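Those sequence lines, one after another, are chains A and B. In this text, residue positions in the first sequence follow numbering that gives the first Met the number 0: the first is 0, and each later residue adds one. In this text, residue positions in the second sequence follow numbering that gives the first Met the number 0: the first is 0, and each later residue adds one.
Check before you lean on any hint, since a few could be wrong.
Derived list of chain A stretches under chain B, where covered just means 3 residues or more per stretch with a C-beta under 8 Å from a C-beta of chain B [stated by the list, open to error]: (1) 82-89; (2) 231-245.
The calculated DSS-like cross-link candidates involving lysine-lysine, where the alpha carbons are at most 25 Å apart (straight line), are [as the list claims (entries may be wrong)]: (3) B/Lys32 - A/Lys146; (4) B/Lys24 - B/Lys68; (5) B/Lys24 - A/Lys236; (6) B/Lys52 - A/Lys85; (7) A/Lys236 - B/Lys32; (8) B/Lys50 - A/Lys156; (9) B/Lys50 - A/Lys146; (10) A/Lys156 - B/Lys68; (11) B/Lys20 - B/Lys52.
Source of the hints: derived by calculation from the structure; they are not laboratory data. Since the structure is predicted, the reported quantities are computational estimates derived from the model, not experimental observations. Even for Gly, the Cβ is constructed at its ideal location relative to N, Cα and C.
Okay, here's what each chain looks like letter by letter:
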Amino acid sequence: MQHSINDFFRSRRGIIAVGAIIGILGPTLQKLGNPPNMGICVACFERDITGALGLHRAATVQYLRPEIFGFVLGSLIAALLFREFKARGGPAPIIRFILGFFGMIGSLVFLGCPWRAWFRLAGGDINGLIGLIGLATGILIGIVFLKNGYSLGRSNKTHAAAGYVFPLIMAALLLLAIFRPTFGPENSGPIFSSESGPGSKHAPLLISLAFGLLIGFLAQRTRFCTVGAVRDIVLLKDFHLGSGILSLGISAFLMNLIYGQFHPGFQGMPIAHSNVIWNLLGMILAGLAYCLAGGCPGRQLFLSGEGDTDAGIFVLGMITGAAFAHNFGLAGSPDSVVDGVLKIGGISSNGMIMVGIGLLVCVLIGLTMREKVQ
Amino acid sequence: MEITVDARGLSCPQPVLLVAKEIEKGVFPIIVKVDGATACENIRRFALTRKLKVSITESGDESIITIQKE
Chain A
0 MQHSINDFFR SRRGIIAVGA IIGILGPTLQ KLGNPPNMGI CVACFERDIT
50 GALGLHRAAT VQYLRPEIFG FVLGSLIAAL LFREFKARGG PAPIIRFILG
100 FFGMIGSLVF LGCPWRAWFR LAGGDINGLI GLIGLATGIL IGIVFLKNGY
150 SLGRSNKTHA AAGYVFPLIM AALLLLAIFR PTFGPENSGP IFSSESGPGS
200 KHAPLLISLA FGLLIGFLAQ RTRFCTVGAV RDIVLLKDFH LGSGILSLGI
250 SAFLMNLIYG QFHPGFQGMP IAHSNVIWNL LGMILAGLAY CLAGGCPGRQ
300 LFLSGEGDTD AGIFVLGMIT GAAFAHNFGL AGSPDSVVDG VLKIGGISSN
350 GMIMVGIGLL VCVLIGLTMR EKVQ
Chain B
0 MEITVDARGL SCPQPVLLVA KEIEKGVFPI IVKVDGATAC ENIRRFALTR
50 KLKVSITESG DESIITIQKE
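Next up, chain A with everything else stripped away, as it sits in the complex:
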């Protein structure tokens, strides 16, 4: 029985089916209350969690997103059921942290992770396509490093308890989301919840959690990865993961048509800016950081669920990156309408400098972290 299930999940049909399911669930979550053209965005949702914990104080992006906890716990369940849970860690955790940090900075300059770039495009936002071009460019740069021996070294088996730490953190945050305890004076905080803006928009908690668990389970089984998709096509001429991502994009587009959520345009798109250069550069940074880390932000969550402590560190780097992005004013500002006039968003000069620093750091990591040539 397990064999035939495994055969399905690793087949082309399996990855296409899982891509389609994610493509259906994303717009459905949107219909049920998640932010427009977002459905599921790993970077945005981790940023919202960061805000909910008070690690940044941007009042409009604070919410403990159950989808993220579901991703990790769903993956954990799949890994345990199929005996793939294996606590492990490599020799360069701080590099993983830094890659997560800058991956998040790049994503928040664009305003979305690779998943959201697809969901944005599927909702009609042309900037999503710009983001995907940037993402692919960043991955291509990463591939050059990979071809020249880039490696963060071998991971080794570690204590099982270490592999459970990250899933347990997610479970603890989920409990905070469900029970909403208050620790502060006069029944306040410390869990913040946006009253307006993207953070205030969310589907019912149990539905978000259920969808997250399902996606986590399926993605663990199929190794779904948006960065791996591009990388494998270019590097290995392997379209396996790519067909899953394409399936996500097409099904999300069709669902948006059905739900009346498809609104084509370039400027004034929901939670997006139309500054082409910085959309591109932000996602080049993100694509490079994700490629050097071995997978997209979603994949890092699924890996952390199966005991990969490096992936867990990467996510903690992303959360720290989100805190810095908002505390230091580095994140992109969406296009907005002020007094009936469209105001084009973009990023601050601080943000531009940080993208430059991020690109420099990632290139240095790519150049210096190499296996000895045999």
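Given the coordinates of chain A, assemble chain B onto it according to the supplied hints.
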């Protein structure tokens, strides 16, 4: 059995890249040692697309993949 490629503990896509290099050299059989299901599946898929014969034996956490010409 001589291990040609030790891909244990390496993250994506390094295991497949190492195997691809060996396939290019054209000396078979290629014996690959991996310790994760993802790397094992990726290598298997890659070798099959190159019309090569793949057999896998599992022992504990590790798998030995043997790649041969048809």
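How the hints compare with the structure:
For the stretch 82-89 of chain A, the stated coverage by chain B is satisfied: 4 residues place a CB nearer than 8 Å to a CB of that chain, which reaches the threshold of 3. Check result for the stretch 231-245 of chain A against chain B: holds, 6 residues qualifying (beta carbon to beta carbon below 8 Å, three or more required). For the given pair, B/Lys32 sits about 21 Å from A/Lys146 by alpha-carbon distance, which is consistent with the 25 Å threshold. Proximity of B/Lys24 to B/Lys68 is assessed by CA-CA distance (about 13 Å); at most 25 Å being required, the pair is judged to hold.
A distance of roughly 18 Å separates the Cα atoms of B/Lys24 and A/Lys236; the hinted pair therefore holds under the 25 Å criterion. Proposed proximity of B/Lys52 and A/Lys85 is contradicted: the alpha carbons are some 29 Å apart, above 25 Å. With a C-alpha separation of about 23 Å, the suggested pair A/Lys236 and B/Lys32 falls inside the 25 Å cut-off, and the hint holds. With a CA separation close to 33 Å, the supplied pair B/Lys50 and A/Lys156 exceeds the 25 Å bound.
Under the criterion of a C-alpha separation no larger than 25 Å, the hint pairing B/Lys50 with A/Lys146 is consistent with the structure, at around 23 Å. With a C-alpha separation of about 33 Å, the suggested pair A/Lys156 and B/Lys68 falls outside the 25 Å cut-off, and the hint is violated. Proposed proximity of B/Lys20 and B/Lys52 is supported: the alpha carbons are some 17 Å apart, at most 25 Å.
Violated hints, in rising order: 6, 8 and 10; the structure is consistent with all others.
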